[in-house]
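Read top to bottom, the protein sequences are chains E and L.
Taking our numbering, the leading residue of the first sequence gets 102, the next gets one more, and so forth.
Taking our numbering, the leading residue of the second sequence gets 7, the next gets one more, and so forth.
Just so you know, the hints here were simulated from the structure itself, not pulled from any lab data.
Bear in mind the structure is a predicted one, so any value in this text is a computation, not a measurement.
It is possible that part of the hints are untrue.
[Claimed, not checked] Straight line, CA to CA, 30 Å or less: simulated DSSO-like cross-link-like pairs of lysine-lysine:
| # | chain 1 | residue 1 | chain 2 | residue 2 |
| --- | --- | --- | --- | --- |
| 1 | E | Lys295 | E | Lys330 |
| 2 | L | Lys178 | L | Lys130 |
| 3 | L | Lys178 | L | Lys280 |
| 4 | E | Lys317 | E | Lys342 |
| 5 | E | Lys295 | E | Lys317 |
| 6 | L | Lys422 | E | Lys146 |
| 7 | L | Lys130 | L | Lys146 |
| 8 | L | Lys146 | E | Lys358 |
| 9 | E | Lys317 | E | Lys174 |
| 10 | L | Lys468 | L | Lys453 |
| 11 | E | Lys174 | L | Lys242 |
| 12 | E | Lys295 | E | Lys342 |
| 13 | E | Lys456 | L | Lys146 |
| 14 | L | Lys340 | E | Lys174 |
| 15 | E | Lys454 | E | Lys348 |
| 16 | E | Lys146 | L | Lys340 |
| 17 | L | Lys422 | E | Lys174 |
| 18 | E | Lys201 | E | Lys288 |
| 19 | L | Lys284 | E | Lys174 |
| 20 | E | Lys246 | E | Lys288 |
| 21 | E | Lys288 | E | Lys303 |
| 22 | L | Lys340 | L | Lys242 |
| 23 | E | Lys342 | E | Lys330 |
| 24 | L | Lys468 | L | Lys86 |
| 25 | L | Lys422 | E | Lys454 |
| 26 | E | Lys259 | E | Lys317 |
| 27 | E | Lys317 | E | Lys264 |
[Unchecked claim] Non-contacting residues of chain E with respect to chain L, defined by C-beta distances greater than 10 Å in every case (computed):
| # | residue |
| --- | --- |
| 28 | Lys259 |
| 29 | Lys264 |
| 30 | Leu323 |
| 31 | Glu424 |
[Claimed, not checked] Facing chain L, from chain E, some residues (calculated, C-beta under 7 Å):
| # | residue |
| --- | --- |
| 32 | Asn109 |
| 33 | Ala113 |
| 34 | Phe116 |
| 35 | Cys117 |
| 36 | Val129 |
| 37 | Phe131 |
| 38 | Ser134 |
| 39 | Ile143 |
| 40 | Ala152 |
Note that the Cβ used here is the ideal one computed from N, Cα and C, for glycine as well.
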Amino acid sequence: MRSETLTNVIEACRFCFMCRHLATVGNVTFRESDTPRGTALILDKVRRDPALLQCADYVECLYRNALSGACRKHCVSSYDEVGLVLAAREDIVAVGAAPKAVAVLAETLERTGNPFGAAARTGAKRRAATTADVLYFVDPYAAHKQPEIAAAFLAAAKALGVKVLPVEGVDAGKALLVLGYRDQAAKAAKRVRKLVAESGCKTVVTSCPACFDAFKNDYPRLGAGFGAKVAIEHSGAFLLKVLEAKKPKISKRGKAKVFYLDSDFLRNYNGIVDEPRALLRALGLALLPFGTNPEESCACGEGAVVSDVLHPGVVSLLRARVEELADDPAHDTLVVASPYTKHVLVSGVRPLKVKTLDEVVAERIG
Amino acid sequence: MLPTRDSYMSEMIRSELADAVGDEHVLVDEAEKLGHSVDYYWMAEMWHDRGMRNPTPDFVVRPGTTEEVAKVLRIANTYKIPVTPWGGGSGSQGGALPIYNGIILDVKRLNRIIEVDPVSMTVKVESGINTQHLEWALEKQGYSTMHYPASIACATLGGFLAHRGTGVLSTKYGKIEDMVMSLEVVLPTGEIIKTLPVPRHASGPDLTQMFLGSEGTLGVMTQATLKIHPIPECRKFHAFLFKDMTTAMAAGRGIMLSRLRPCVVRLYDEPETKRLIKRVLGIDKAGAYLVFGFDGPREMVDFELARACAICREGNPEDLGTELGELWWQHRYKFFYPPFMFHLPQAFGTLDTVATFANIEKVYWAMKNTVEQNFTGVAYIGHFSHWYEWGCMLYARFIMDEPPQDPREAARLYNKIWDQAIRAAIREGGVINEHHGVGLKLGRLMKDLYGPAFVVLQGIKKTLDPNNIMNPGKMGFEGV
Ligand SMILES: Cc1cc2nc3c(=O)[nH]c(=O)nc-3n(C[C@H](O)[C@H](O)[C@H](O)COP(=O)(O)OP(=O)(O)OC[C@H]3O[C@@H](n4cnc5c(N)ncnc54)[C@H](O)[C@@H]3O)c2cc1C
Ligand code: SF4
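Work out the full structure: start from the sequences and follow the hints.
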């Protein structure tokens with residue numbers, strides 16, 4: 102079992118309570134099992150009796166996890182509570198115990214390249230035939246739900262004089278990986294690598310932090326790394342660099358106040374905290390601290406990539422938590438780094454005012 | 007007797023509970039039962055570790071209002087089902103364990119901040135709130151509870167109320183019982199009561215104080231009004247290394263007797279200085295490490311700090327300065343994270359005791375000698391962490407690196423160490439304990455501690471909880 106390679110995490114977390122205040126799902130479901138301690142207790146049982154991998158209650162709990170990484174980031178010894186859940190999901194899939202909804206979702210991802218089962222809007226292969234220095238990878242939440250995000254990035258790039266090749270309709274494999282389908286994820290990764298190689302690009306940019314993390318951290322482990330010559334950037338960091346280099350005229354300078362909500366993949370997985378803030382400041386915006394603390398995940402399940410499809414109930418609780426933490430939810434402008442998070446935040450009964458970094462850049466320099 | 011889990015009667019009760027709190031708040035899944043079968047009590051951890059079955063609840067019930075708590079308790083009275091309140095499950099005494107199965111009443115949904123009163127500087131809050139979340143919310147408004155326990159991240163306010171818990175700043179701001187203005191409590195029979203709105207009065211005995219420390223045996227605390235404080239202008243620390251614990255104790259006592267008002271005083275004995283201060287803070291020196299801090303207006307802090315340092319220097323210590331004091335403050339919680347905290351397979355226990363200055367060292371030595379002379383392979387370390395005008399708290403610990411593998415044998419040995427060490431402490435005027443509570447772990451020793459006075463507590467319990475549904479078998483009270 103893969104989870105056995107993380108026995109040290111099980112042994113550390115099973116009786117430890119020190120990060121429960123940041124247990125993203127536990128904070129809204131109030132379940133003991135939705136904390137690193139609860140998960141480790143389950144997997145401690147499983148390692149003694151692997152037949153328990155078939156226990157539907159345990160499996161359900163392991164798939165409810167938002168994988169935000171907030172607890173791991175907080176942990177003084179960085180125990181990989183996220184890696185443990187990911188390993189356990191692979192074990193579950195390996196023994197054929199994945200819940201039906203998970204199996205159906207994985208099949209949809211494989212078949213259509215997106216979690217919604219929608220037909221691809223743009224032919225990937227046709228696009229890949231073109232070459233460019235910068236390849237812009239569009240994720241399903243931007244491609245199918247919020248085309249304005251990619252449009253904003255492309256408009257900003259154009260205004261800044263950067264030539265970009267957009268690619269969409271291709272699955273990055275991240276969702277398959279977090280669902281426990283490693284082999285299928287590796288295949289997807291290799292397809293993306295081929296596309297990148299064919300494009301001849303020197304930089305791959307994406308507005309999707311999950312894709313960014315996949316390209317940067319997962320692909321090399323899956324044998325599909327882009328190689329040292331290809332830089333990988335989140336669109337926020339990329340646009341910041343271009344802004345700093347080109348110093349364009351920033352329009353609409355004023356005292357607009359915004360709150361930045363950290364992305365799980367950027368902050369908790371990759372330690373990227375300053376760039377998005379620097380970008381917003383460079384755009385002349387007054388940045389206010391969101392919520393009551395800098396540690397809690399407000400990304401609404403971004404770490405689990407397709408949380409809203411799999412666990413809409415939990416995601417609506419996560420969204421309500423963001424609303425609760427906001428100073429003035431009806432009026433505040435929230436800026437996020439992730440198309441997924443924006444999609445969740447604007448989909449509630451009382452939609453919040455949310456923009457991605459790309460949209461803010463496009464507005465200010467457009 | 008409770009209906010078996012597969013009987014239709016169990017479904018009947020579940021339906022009634024669901025009617026009271028909502029279907030989705032009566033949980034019976036295996037993951038949740040497992041999560042509520044182990045708290046921070048070594049015994050439950052060891053039992054789990056050895057592959058044994060811990061008792062699990064039949065139902066995990068999660069009320070969202072005080073009224074819902076009352077409904078659940080009425081149902082429990084009807085069917086005489088044990089109810090065990092559960093906050094964060096971080097208690098170390100087994101108080102939240104469902105030893106007779108029944109209902110776990112998980113209070114975490116009671117997490118609202120009801121009102122901040124800036125005029126009187128108080129906050130009215132529900133008891134299931136995570137204490138770090140409460141603190142963060144208050145800090146955003148410029149206030150603090152000044153309740154900074156090492157378990158701030160995991161425990162609920164209700165857990166601290168139920169255990170008379172304490173935080174690292176207790177020496178100045180008090181324990182939780184000093185911070186509470188008033189309480190709302192659901193009695194075991196389902197009546198909802200409020201205690202008087204202010205803590206200082208001459209209107210009979212203090213009901214608030216009676217419920218504080220009752221560990222879920224006298225009802226469920228659902229709301230509390232707490233004092234809050236402005237965030238101090240500054241907080242500064244200083245550390246010294248004394249040649250031994252006795253000299254350091256004289257310095258700590260000197261600070262308290264001079265009536266300075268440190269927010270923190272903490273003194274580590276020689277073995278703990280060698281073992282933990284080195285491991286966590288990287289200070290590799292022999293002796294007894296003493297750290298203290300002051301907070302408030304800058305001029306006052308500087309003045310008090312200078313006076314406290316002068317008192318310490320009389321004992322001729324090595325001056326570790328502000329930096330190695332600040333280092334302790336920055337890492338104060340690190341001691342509790344793996345791998346720094348003791349952990350299985352080790353057997354360990356916190357022999358939390360409080361006594362006057364006249365007795366505290368006697369208590370320390372009595373426990374140390376008992377543990378080290380009667381049990382081979384058991385180490386004893388300690389620090390003194392919460393200080394009063396009259397004495398202080400001893401956070402002593404025993405650690406056994408290789409306890410027996412057989413769970414029953416391990417349990418027997420563990421309990422024997424506790425019995426002997428605690429009885430030795432009581433003989434020297436020590437009180438078990440200062441802030442961890444009694445729970446399941448120390449219930450059997452309550453009669454030793456209280457003597458004939460324990461009857462008074464038993465009488466209160468019987469009157470308030472005639473069907474003995476609230477957390478039976480804990481605090482030395484009758485089981486099922
Ligand atoms: C790493 C760590 C460090 C710790 N450090 C400290 C410390 O610095 N200071 C300190 O005081 N303690 C400390 N503790 C012990 C523990 O955190 C406290 O005892 C805390 O008060 C327990 O709160 P909880 O919400 O987890 O309670 P639980 O463990 O869930 O319950 C404890 C007891 O309270 C009862 N209870 C819970 N809620 C209610 C309620 N609303 N009404 C009535 N009864 C209730 C339960 O039935 C049980 O008997 C520490 C524990 C850990 C794990
Ligand atoms: S991740 Fe770290 S802090 Fe969280 S439960 Fe595990 S060991 Fe404890």
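Going down the list of hints, with the structure as the test:
1. E:Lys295 x E:Lys330: holds (14 Å)
2. L:Lys178 x L:Lys130: Answer holds: Lys178 of chain L to Lys130 of chain L is near 22 Å, not above 30 Å.
3. L:Lys178 x L:Lys280: Judged against 30 Å, a Cα distance of about 28 Å means the pair holds.
4. E:Lys317 x E:Lys342: holds (18 Å)
5. E:Lys295 x E:Lys317: Satisfied, since the Cα-Cα distance of roughly 16 Å is no more than 30 Å.
6. L:Lys422 x E:Lys146: Distance of about 29 Å is within 30 Å: holds.
7. L:Lys130 x L:Lys146: Within the cut-off at roughly 16 Å; holds.
8. L:Lys146 x E:Lys358: holds (18 Å)
9. E:Lys317 x E:Lys174: Measuring from Cα to Cα gives roughly 18 Å; hence the hint holds.
10. L:Lys468 x L:Lys453: holds (16 Å)
11. E:Lys174 x L:Lys242: Roughly 28 Å between the alpha carbons, so the hint for Lys174 of chain E and Lys242 of chain L holds.
12. E:Lys295 x E:Lys342: holds (27 Å)
13. E:Lys456 x L:Lys146: Given pair Lys456 of chain E, Lys146 of chain L holds - Cα atoms ~25 Å apart, limit 30 Å.
14. L:Lys340 x E:Lys174: This hinted pair holds, its Cα atoms lying about 14 Å apart.
15. E:Lys454 x E:Lys348: It holds: about 28 Å lies between the C-alpha atoms, which stays within 30 Å.
16. E:Lys146 x L:Lys340: holds (27 Å)
17. L:Lys422 x E:Lys174: violated (40 Å)
18. E:Lys201 x E:Lys288: Judged against 30 Å, a Cα distance of about 22 Å means the pair holds.
19. L:Lys284 x E:Lys174: holds (24 Å)
20. E:Lys246 x E:Lys288: holds (25 Å)
21. E:Lys288 x E:Lys303: The hint holds at about 22 Å.
22. L:Lys340 x L:Lys242: holds (19 Å)
23. E:Lys342 x E:Lys330: holds (18 Å)
24. L:Lys468 x L:Lys86: holds (14 Å)
25. L:Lys422 x E:Lys454: Violated, at roughly 62 Å.
26. E:Lys259 x E:Lys317: Judged against 30 Å, a Cα distance of about 25 Å means the pair holds.
27. E:Lys317 x E:Lys264: holds (22 Å)
28. Lys259: Holds, because the least Cβ-Cβ distance between Lys259 of chain E and chain L comes to about 41 Å, which exceeds 10 Å.
29. Lys264: holds (45 Å)
30. Leu323: holds (30 Å)
31. Glu424: holds (15 Å)
32. Asn109: Because about 9 Å separates Asn109 of chain E from the closest Cβ in chain L, which is outside the 7 Å limit, the hint is violated.
33. Ala113: Because about 4 Å separates Ala113 of chain E from the closest Cβ in chain L, which is inside the 7 Å limit, the hint holds.
34. Phe116: Given a least distance of 5 Å, the restraint on Phe116 of chain E holds.
35. Cys117: At about 6 Å, which falls below the 7 Å cut-off, the nearest Cβ of chain L leaves the hint on Cys117 of chain E intact, so it holds.
36. Val129: violated (10 Å)
37. Phe131: holds (4 Å)
38. Ser134: holds (4 Å)
39. Ile143: Hint holds; Ile143 of chain E Cβ to chain L Cβ min 6 Å, cut 7 Å.
40. Ala152: Violated, about 13 Å.
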